[in-house]
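Could you build the full structure based on these sequences and the hints that come with them?
These are the residues of each chain, in order.
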Amino acid sequence: MTALEAANNIKAKFGDLISEPMEFRGEISLKVADAEKIVEVCQYAKSIGFDYLIDISSVDNYGEDPRWTVVYHLRAIVNGVEFRLKTDVSEEKSELPTVVPLWRTANWHEREIYDMMGIRFSGHPDMRRILMWEGYPYYPLRKDFPLAGKPTDLPGVAFTRVTPMEGGPFVTVAGGNDSIAREPRVRVPETDEVPLNARVEARADNKALRGQAFGPGPIEKK
Amino acid sequence: MDEFFKNNLMATVQDIEIRDSAARAAQAAEDMQDIHGEKMVLNMGPSHPATHGVLRIVLELDGEVITKADPDVGYLHRGDEKIAENMTYTQFIPYTDRLDYLAPLANNVAYALAVEKLLGVEKNLPPRCQYIRVMCCELARISSHLLGLGAFAMDTGAVTVFLLTFTEREKIYNLAEAASGARLTTTYTRIGGLMRDIPATWCAQVKQFCDEFEVALAEVETLLTRNRIWVDRLRDLGVVSKEMAINYGLSGPNLRGSGVDWDLRKNQPYLCYPDLEFDIPVGSVGDCYDRYLVRMEEMRQSVRILRQCVQKIPGGWANDAKEPVSIPDGKITLPSKQKVLSSMEELIHQFMLVTEGVNCPPGEVYFGHENPKGELGFYINSRGGGVPYRLKIRAPSFVNLSIVGEIMPGAMISDVPVILGSLDFVMGESDR
Numbered sequence: 020m021t022a023l024e025a026a027n028n029i030k031a032k033f034g035d036l037i038s039e040p041m042e043f044r045g046e047i048s049l050k051v052a053d054a055e056k057i058v059e060v061c062q063y064a065k066s067i068g069f070d071y072l073i074d075i076s077s078v079d080n081y082g083e084d085p086r087w088t089v090v091y092h093l094r095a096i097v098n099g100v101e102f103r104l105k106t107d108v109s110e111e112k113s114e115l116p117t118v119v120p121l122w123r124t125a126n127w128h129e130r131e132i133y134d135m136m137g138i139r140f141s142g143h144p145d146m147r148r149i150l151m152w153e154g155y156p157y158y159p160l161r162k163d164f165p166l167a168g169k170p171t172d173l174p175g176v177a178f179t180r181v182t183p184m185e186g187g188p189f190v191t192v193a194g195g196n197d198s199i200a201r202e203p204r205v206r207v208p209e210t211d212e213v214p215l216n217a218r219v220e221a222r223a224d225n226k227a228l229r230g231q232a233f234g235p236g237p238i239e240k241k
Numbered sequence: 036m037d038e039f040f041k042n043n044l045m046a047t048v049q050d051i052e053i054r055d056s057a058a059r060a061a062q063a064a065e066d067m068q069d070i071h072g073e074k075m076v077l078n079m080g081p082s083h084p085a086t087h088g089v090l091r092i093v094l095e096l097d098g099e100v101i102t103k104a105d106p107d108v109g110y111l112h113r114g115d116e117k118i119a120e121n122m123t124y125t126q127f128i129p130y131t132d133r134l135d136y137l138a139p140l141a142n143n144v145a146y147a148l149a150v151e152k153l154l155g156v157e158k159n160l161p162p163r164c165q166y167i168r169v170m171c172c173e174l175a176r177i178s179s180h181l182l183g184l185g186a187f188a189m190d191t192g193a194v195t196v197f198l199l200t201f202t203e204r205e206k207i208y209n210l211a212e213a214a215s216g217a218r219l220t221t222t223y224t225r226i227g228g229l230m231r232d233i234p235a236t237w238c239a240q241v242k243q244f245c246d247e248f249e250v251a252l253a254e255v256e257t258l259l260t261r262n263r264i265w266v267d268r269l270r271d272l273g274v275v276s277k278e279m280a281i282n283y284g285l286s287g288p289n290l291r292g293s294g295v296d297w298d299l300r301k302n303q304p305y306l307c308y309p310d311l312e313f314d315i316p317v318g319s320v321g322d323c324y325d326r327y328l329v330r331m332e333e334m335r336q337s338v339r340i341l342r343q344c345v346q347k348i349p350g351g352w353a354n355d356a357k358e359p360v361s362i363p364d365g366k367i368t369l370p371s372k373q374k375v376l377s378s379m380e381e382l383i384h385q386f387m388l389v390t391e392g393v394n395c396p397p398g399e400v401y402f403g404h405e406n407p408k409g410e411l412g413f414y415i416n417s418r419g420g421g422v423p424y425r426l427k428i429r430a431p432s433f434v435n436l437s438i439v440g441e442i443m444p445g446a447m448i449s450d451v452p453v454i455l456g457s458l459d460f461v462m463g464e465s466d467r
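Chain order of the listed sequences is X and A. If you read the first sequence in my numbering, its first letter stands for residue 20, the second for the next number, and so on. If you read the second sequence in my numbering, its first letter stands for residue 36, the second for the next number, and so on.
No lab work stands behind these hints: they were computed from the structure.
Stretch-level coverage of chain A by chain X, calculated; a stretch enters the list once three of its residues show a Cβ under 8 Å from a Cβ in chain X: (1) 152 to 158; (2) 405 to 414; (3) 418 to 432.
In silico SDA-like pairs for lysine to any residue, Cα to Cα no more than 20 Å straight-line: (4) X:K162 with A:I118; (5) A:K277 with X:G99; (6) A:K103 with X:D145; (7) X:K65 with A:M279; (8) A:K277 with X:P120; (9) X:K162 with A:Y424; (10) X:K169 with A:N121; (11) A:K158 with X:G45; (12) A:K301 with X:E46; (13) A:K357 with A:K372; (14) A:K301 with X:I96; (15) A:K117 with X:R148.
Only a predicted model underlies this, so the values are computations on that prediction, with no experimental measurement involved. C-beta: ideal position from N, C-alpha, C; glycine also.
Put into structure tokens, the structure is as follows:
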């Protein structure tokens, strides 16, 4: 069985629901017209030998309708035949049925798509974020999410207990007075010089913090 | 030296009575049933030496028996897929070093092959380039398995193995440095070829490495394979059946450890693998011990491949015949600097390649590569031009980790490092 034969087999079974097989670089793609029917198509594919789900991914066709494309890569382990199933999901709906009952590996792939794109999978046993943290408000792989990221109201650090040894020489307080000054590579744009005063002050700060001299003293300007 | 190890191995051959640790755990759970107590939730990681990186597992314990395990990934998420959409195909190569950072050379090759598949030029790669890439992949495989094995053995209490494997890994780093100039972040491949040819002495160094490595591997073998403690702790633990392995999409040594004869190098051959002779080891039970044995044998097969490559490499060791290592196409690979400075056409090619990237046709491809950790796949969705519209990385560690919640319940808490070590994942790849 070649990939094309398998694709034609599926096409014969489901008729108009499935597009004509498309071939590019020796790979066969099929498009499923109705995302709600994806489980039936996958079930049939599994029954004719495609027992291995390689991957599920998603594409954001920003500015087009429907906005989302979900892509399934299937493989038959016995003979290594592979093909690709694609289906479109509109932005208003942003939901399609899960294939977890067929392949357990789909669990994490679908969670990742939900996390990164915001497409939900109905019937999924555990629809939580996976890479980003619970409560993060955005979906970072969407095309309208900027590469530099967006600020959120959530604190950058999830746990707010006092750091052990805070105030000591080994702990830099984030945003603290000394955190920028004692960074030795800091440059002042106007003069492109090491801000010597800042460094001296930082050392003085540290000295005061520790209550005793440590390391070499202030650097003399040449 | 060989004779010594053979004799030594023979002397230690004996039947080892295996105590079934999974059955033991189940028995313990049954014995405890009448004792009513609270279940304890234990947070393991994300910064724990046995989780090999920043994996966090939330364990629910009944005494020492695990009743539920929920792996939590994402602590090393850097948004590689988002980054890829914002740069040219060539610019993304350094980011592939940082996926599975124990085998950067293999990642480089996997990514380059995926883009070359999109371009439709993967069959035109010069033979010398193919051989060098295969050698890189196999060195990366040995390097990755050595680290996995060393850390695995150390977590189980056998510290000596770690010292032996890291001595050998150091030599692989030296080889990577000689070829690419960098020890860890190699960025050795380019779209359509390699950054540069290997130095004339490289093949001799590889050959020497193979000789030394075989001795070291035999020593590791005598330390572990029939070691009573090692076998007791690994046998019948974390059993993954054939059906379960396929259902969970496992790949690489974890899939083969469960008895599935699947290796992309054999089943969907690429580069010059069809010209090389090697075997695919397959496990029978699917427990931690099988996965360990599969990795050991894979390293030996990699040495076998390396030896053949050294012998057969087109152009010879010093490449006196000046065999190319890149596709000689100005639209794909950079021309030589001398030509750029003396000829208009090459200057234009260089300018276009650097500023706009390799012009890829619209379309979509998926390429799966047999990486040390499993199938590293790149799904590239291109709308034309030098930048991918969408690049999805199918990370083997991510998929292999998803089975943790299934195989941990029933095991003891001291089995956790063993199961994790046998799955051999790396978080840089899992979290991307």
